[in-house]
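Sequences are here, hints too, so could you generate the full structure?
Protein chains: 2
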Amino acid sequence: MWNCIFHLSKRLEITVFGGRILVVPVDGSHWINMEVILRELHSRGHNITVLRSAKSWYIPSNSSVYTSIDVPMLEDESDRDFYLDMLLKVQKCRGYPAFIRTFCQEYLITDMMALGHEILARLIASMLDDPVFIKRLQDEKFDIMLTDPALTMGVILGSYLKLPMVFNVRWINVGEGHLTIAPSPVSYVPVSGSELHDQMDFLDRTKNMLHHLYSVYEQYFIINPSYSDIFKRHFPPGTDLLSLQLAADIWLLRADFVFEFPRPTMPNVVYIGGFQCKEAQPLPAELEAFMQSSGEHGVVVMSLGTIVSALPRKTTEAIAAAFAELPQKVIWRFEGEQPSSLGNNTLLVKWLPQPDLLGHPKTRLFVAHGGTNGVYEAIYYGVPVLGLPLLFDQFDNLLRLKVRGAARVVEAYSLTKENFLDALKDVLKNPSYRDNIQRLSRLHRDKPIPPMDNAIFWIEYAIRNAGAAHLQAVGFKLPWYTYFCLDVAAFFVVVIGVLVWVSVFVCRLLCCRGFRRKTKKE
Amino acid sequence: MWNCIFHLSKRLEITVFGGRILVVPVDGSHWINMEVILRELHSRGHNITVLRSAKSWYIPSNSSVYTSIDVPMLEDESDRDFYLDMLLKVQKCRGYPAFIRTFCQEYLITDMMALGHEILARLIASMLDDPVFIKRLQDEKFDIMLTDPALTMGVILGSYLKLPMVFNVRWINVGEGHLTIAPSPVSYVPVSGSELHDQMDFLDRTKNMLHHLYSVYEQYFIINPSYSDIFKRHFPPGTDLLSLQLAADIWLLRADFVFEFPRPTMPNVVYIGGFQCKEAQPLPAELEAFMQSSGEHGVVVMSLGTIVSALPRKTTEAIAAAFAELPQKVIWRFEGEQPSSLGNNTLLVKWLPQPDLLGHPKTRLFVAHGGTNGVYEAIYYGVPVLGLPLLFDQFDNLLRLKVRGAARVVEAYSLTKENFLDALKDVLKNPSYRDNIQRLSRLHRDKPIPPMDNAIFWIEYAIRNAGAAHLQAVGFKLPWYTYFCLDVAAFFVVVIGVLVWVSVFVCRLLCCRGFRRKTKKE
Numbered sequence: 000m001w002n003c004i005f006h007l008s009k010r011l012e013i014t015v016f017g018g019r020i021l022v023v024p025v026d027g028s029h030w031i032n033m034e035v036i037l038r039e040l041h042s043r044g045h046n047i048t049v050l051r052s053a054k055s056w057y058i059p060s061n062s063s064v065y066t067s068i069d070v071p072m073l074e075d076e077s078d079r080d081f082y083l084d085m086l087l088k089v090q091k092c093r094g095y096p097a098f099i100r101t102f103c104q105e106y107l108i109t110d111m112m113a114l115g116h117e118i119l120a121r122l123i124a125s126m127l128d129d130p131v132f133i134k135r136l137q138d139e140k141f142d143i144m145l146t147d148p149a150l151t152m153g154v155i156l157g158s159y160l161k162l163p164m165v166f167n168v169r170w171i172n173v174g175e176g177h178l179t180i181a182p183s184p185v186s187y188v189p190v191s192g193s194e195l196h197d198q199m200d201f202l203d204r205t206k207n208m209l210h211h212l213y214s215v216y217e218q219y220f221i222i223n224p225s226y227s228d229i230f231k232r233h234f235p236p237g238t239d240l241l242s243l244q245l246a247a248d249i250w251l252l253r254a255d256f257v258f259e260f261p262r263p264t265m266p267n268v269v270y271i272g273g274f275q276c277k278e279a280q281p282l283p284a285e286l287e288a289f290m291q292s293s294g295e296h297g298v299v300v301m302s303l304g305t306i307v308s309a310l311p312r313k314t315t316e317a318i319a320a321a322f323a324e325l326p327q328k329v330i331w332r333f334e335g336e337q338p339s340s341l342g343n344n345t346l347l348v349k350w351l352p353q354p355d356l357l358g359h360p361k362t363r364l365f366v367a368h369g370g371t372n373g374v375y376e377a378i379y380y381g382v383p384v385l386g387l388p389l390l391f392d393q394f395d396n397l398l399r400l401k402v403r404g405a406a407r408v409v410e411a412y413s414l415t416k417e418n419f420l421d422a423l424k425d426v427l428k429n430p431s432y433r434d435n436i437q438r439l440s441r442l443h444r445d446k447p448i449p450p451m452d453n454a455i456f457w458i459e460y461a462i463r464n465a466g467a468a469h470l471q472a473v474g475f476k477l478p479w480y481t482y483f484c485l486d487v488a489a490f491f492v493v494v495i496g497v498l499v500w501v502s503v504f505v506c507r508l509l510c511c512r513g514f515r516r517k518t519k520k521e
Numbered sequence: 000m001w002n003c004i005f006h007l008s009k010r011l012e013i014t015v016f017g018g019r020i021l022v023v024p025v026d027g028s029h030w031i032n033m034e035v036i037l038r039e040l041h042s043r044g045h046n047i048t049v050l051r052s053a054k055s056w057y058i059p060s061n062s063s064v065y066t067s068i069d070v071p072m073l074e075d076e077s078d079r080d081f082y083l084d085m086l087l088k089v090q091k092c093r094g095y096p097a098f099i100r101t102f103c104q105e106y107l108i109t110d111m112m113a114l115g116h117e118i119l120a121r122l123i124a125s126m127l128d129d130p131v132f133i134k135r136l137q138d139e140k141f142d143i144m145l146t147d148p149a150l151t152m153g154v155i156l157g158s159y160l161k162l163p164m165v166f167n168v169r170w171i172n173v174g175e176g177h178l179t180i181a182p183s184p185v186s187y188v189p190v191s192g193s194e195l196h197d198q199m200d201f202l203d204r205t206k207n208m209l210h211h212l213y214s215v216y217e218q219y220f221i222i223n224p225s226y227s228d229i230f231k232r233h234f235p236p237g238t239d240l241l242s243l244q245l246a247a248d249i250w251l252l253r254a255d256f257v258f259e260f261p262r263p264t265m266p267n268v269v270y271i272g273g274f275q276c277k278e279a280q281p282l283p284a285e286l287e288a289f290m291q292s293s294g295e296h297g298v299v300v301m302s303l304g305t306i307v308s309a310l311p312r313k314t315t316e317a318i319a320a321a322f323a324e325l326p327q328k329v330i331w332r333f334e335g336e337q338p339s340s341l342g343n344n345t346l347l348v349k350w351l352p353q354p355d356l357l358g359h360p361k362t363r364l365f366v367a368h369g370g371t372n373g374v375y376e377a378i379y380y381g382v383p384v385l386g387l388p389l390l391f392d393q394f395d396n397l398l399r400l401k402v403r404g405a406a407r408v409v410e411a412y413s414l415t416k417e418n419f420l421d422a423l424k425d426v427l428k429n430p431s432y433r434d435n436i437q438r439l440s441r442l443h444r445d446k447p448i449p450p451m452d453n454a455i456f457w458i459e460y461a462i463r464n465a466g467a468a469h470l471q472a473v474g475f476k477l478p479w480y481t482y483f484c485l486d487v488a489a490f491f492v493v494v495i496g497v498l499v500w501v502s503v504f505v506c507r508l509l510c511c512r513g514f515r516r517k518t519k520k521e
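Residue numbers (numbering that gives the first Met the number 0), protein chains in the order written: chain D, 0 to 521; chain V, 0 to 521.
Do not rely on the hints blindly, as some may be mistaken.
Pairs involving identical chains hold if they fit within one copy or between any two copies, as the list cannot separate such chains.
[To be verified] 27 Å max Cα-Cα, derived DSS-like pairs, lysine-lysine: (1) Lys-416 <-> Lys-446; (2) Lys-416 <-> Lys-88; (3) Lys-401 <-> Lys-476; (4) Lys-361 <-> Lys-428.
It should be emphasised that the hints constitute simulated quantities derived from the structure, not laboratory data.
Have a look at this one:
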């Protein structure tokens with residue numbers, strides 16, 4: 000349980016019952032996060048409407064928690080092959096030298112991003128151009144928009160409907176939410192995807208600067224233009240995607256500084272990293288029996304998240320063979336053909352109750368791809384990690400655990416039975432990994448209020464106060480040259496230039512006169 | 000009461016009883032803040048030792064809350080005439096045009112500051128050179144140093160003793176705490192003393208930039224050198240005052256964003272603005288009778304804080320005459336000779352229970368100098384303010400209330416009976432002042448936990464976890480040219496220069512060859 004007694008159930012006086020909340024979630028693992036919050040909001044009497052894709056993977060249309068409204072499907076959204084294809088491409092990049100491979104991956108993501116924003120822009124345009132749909136939303140008289148801005152639909156729709164906006168956010172535009180909302184000095188704030196940490200040498204900072212410049216290029220030359228037509232037709236002049244995002248009232252950021260490197264932040268950023276974690280529940284009887292059968296050696300839990308559950312055959316064979324040599328038992332969330340090298344100690348399952356397993360006293364190690372949810376669960380329950388990063392932020396996430404001595408990382412593209420077994424044995428035998436993650440766990444749980452209560456408080460705050468305008472910095476509304484005071488700097492340069500010129504002129508004049516007088520005398 | 004049910008009394012599990020806390024406070028109004036926290040810490044079983052000046056104004060040597068250790072007196076510390084002298088000088092500045100007067104005041108403060116740091120440096124040197132004193136402190140085995148870094152003694156002593164450090168802070172070095180700890184874009188973050196708000200035009204930004212440059216000059220050429228001898232003799236090479244301040248674990252900042260303009264912040268900044276406020280207590284019978292005698296018109300409360308209680312005779316006469324014309328009753332904290340123009344409706348007192356008066360339902364208006372404590376009390380109790388700023392931050396403080404429509408400001412140097420009466424009537428009759436400050440009050444009280452509980456939580460957090468290193472950004476440790484990536488920028492310029500040079504060279508070569516061939520053919 001969280002190391003704090005400030006719990007929402009005790010907070011009654013300021014509750015706003017019956018707030019009307021419009022939710023535009025993102026599918027996949029992002030939905031897992033959002034749903035946890037929606038359940039809590041529902042239990043507190045709020046009225047929730049969810050916009051979902053007609054062919055969503057994860058978001059059910061029928062729910063006791065919310066009413067749903069279907070919107071047209073995002074093209075390719077249900078195409079899991081897309082991610083497998085991406086995985087193969089990314090794994091090719093991983094073979095390149097460290098300085099280059101992050102740019103290779105960035106380039107792949109840009110490609111995907113450009114396509115995604117085009118599709119999104121079409122979808123949003125079709126909604127804004129549909130007066131019946133818009134009228135229906137307007138008639139609902141929502142109090143706030145709660146959205147995950149990893150995709151842009153909620154942001155644009157919420158702004159169009161002039162709703163106060165609460166973000167449940169980790170990713171936005173070209174990286175982690177902080178990079179958009181807060182000043183991020185390139186010298187010690189690693190840009191997302193750079194695989195750098197906060198202590199950088201000259202080469203690292205050069206790399207980080209290049210990533211930063213590339214992200215500025217992406218923002219202004221790839222993302223913003225995708226929506227220019229929508230903004231021209233439906234918003235006041237000068238609006239762009241970034242300005243709408245920066246106008247959000249509250250940013251519930253799925254981050255925590257035992258995980259993120261400390262860096263500047265803003266008054267309307269609320270940290271809710273790990274909010275989904277709670278005490279582990281008892282396992283189903285069969286699974287409990289399996290855990291207990293591991294004896295003193297304990298259990299290794301392996302899962303690679305919601306997007307990519309299947310690895311190349313060669314890799315799964317190596318993993319299975321390495322597992323087979325462990326004295327531990329292994330439970331592995333697995334899809335596809337059973338590896339021939341599978342040991343007797345390994346149980347393959349199509350789904351597993353991950354938090355309850357990680358919170359089980361017999362669990363010794365978590366073999367994970369490094370998705371945010373899994374990483375926070377590992378921290379919460381204090382289980383050391385052997386990371387097998389595959390895509391997106393997983394490399395950055397695992398790096399954060401690694402530099403704190405709480406994880407080891409094995410690259411999937413170069414995984415062999417030997418190096419995987421070696422890493423497994425290291426993390427299982429060397430107590431420093433467990434000590435380090437348990438220290439992170441203690442710090443993570445040591446909070447004045449649990450992050451979930453914090454999230455709910457600020458959502459209700461936005462309902463009560465019709466947003467949180469007084470927490471929004473005005474700097475966001477300045478043109479970039481004003482923000483950086485370049486006009487003032489130019490003015491100073493001109494003034495100093497004129498002063499120097501005048502003094503030189505006066506000096507010369509005096510010198511000449513002196514010289515003339517001298518010559519005259521002579 | 001605070002709009003939240005998360006109260007410290009309910010938080011038992013994580014309490015650290017018996018933490019050993021070394022406190023280095025600042026005298027005067029700063030002590031009022033610190034003492035409130037010490038009482039709470041004492042009630043939670045912590046063991047507190049306070050270093051106090053042997054001739055302190057406010058800090059008693061005998062207390063049931065703490066043990067005190069006397070240190071030599073700060074020269075001139077008890078010299079209230081110093082502040083009266085300062086007041087006269089500042090009021091002269093007030094007559095200058097707006098652009099200039101803040102620089103005039105800044106210059107006066109620099110003068111005072113230079114003297115103050117010299118005295119402090121001598122005092123600190125005498126402590127560090129006293130092995131018996133240092134041994135006594137070391138033997139106490141304190142868990143943390145809790146200090147107000149407006150003066151430097153606690154910071155340097157705490158660092159010398161290698162104690163985790165918690166700041167109870169509003170002012171540090173050259174301005175408000177944020178300016179030291181967080182990135183502060185000059186384009187929308189007004190520098191302390193500039194009397195600017197966050198929406199600035201070109202001239203404002205130019206002024207702000209000049210104030211910023213001046214504060215950099217003060218930091219590096221006036222403050223830091225005062226201590227260079229101490230650092231040479233007692234600390235590792237490269238240490239300066241700023242580096243010690245930035246190494247503090249937790250900054251309990253006496254700020255709140257209903258008052259401060261929203262701006263970047265840092266993970267180890269905890270907002271405790273208004274932490275000293277609590278429900279008003281019943282007044283003494285006589286005072287209550289006076290309040291009730293005001294009938295429907297209510298009462299005006301006037302107090303000018305702890306430092307300057309006496310105004311020039313001419314001014315007090317004008318104030319008294321204006322008060323005499325009000326239908327309200329007036330209670331005025333006053334020292335000196337009774338004004339001849341005093342009305343029957345005005346009660347002069349040497350001391351008043353300010354929070355309880357401001358929280359009284361009959362109170363209609365607070366005539367205040369704009370010290371931080373009073374301003375937060377006005378916000379907490381929702382009482383509109385007529386500001387009479389005299390010194391230091393009071394101009395900036397009142398500006399923040401004024402731009403939010405919750406206060407009017409009258410300059411003491413130009414105060415007449417007429418303009419003061421006019422301002423009084425305006426604030427008393429125009430409901431917008433009350434509406435605005437009551438809106439601020441509602442927002443200020445709408446928090447997940449009361450600021451006092453937050454303060455105590457983070458002090459105990461620092462005790463439990465021996466500081467909060469994981470919340471400290473590493474950027475502070477970088478040299479300034481690295482922090483701003485100037486080395487990387489220089490490298491880029493060189494690379495681009497070389498590339499341009501090479502391309503020009505190659506182009507020329509090709510052109511020349513082409514030209515030669517052409518000439519040959521011809």
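We went through each hint and held it up to the structure:
no.: 1; hint: Lys-416 <-> Lys-446; in the structure: neither (41 Å within a copy, 53 Å between copies)
no.: 2; hint: Lys-416 <-> Lys-88; in the structure: within (23 Å within a copy, 79 Å between copies)
no.: 3; hint: Lys-401 <-> Lys-476; in the structure: between (38 Å within a copy, 22 Å between copies)
no.: 4; hint: Lys-361 <-> Lys-428; in the structure: within (15 Å within a copy, 71 Å between copies)
The earlier numbered hint that this structure contradicts is number 1, and it is the only one.
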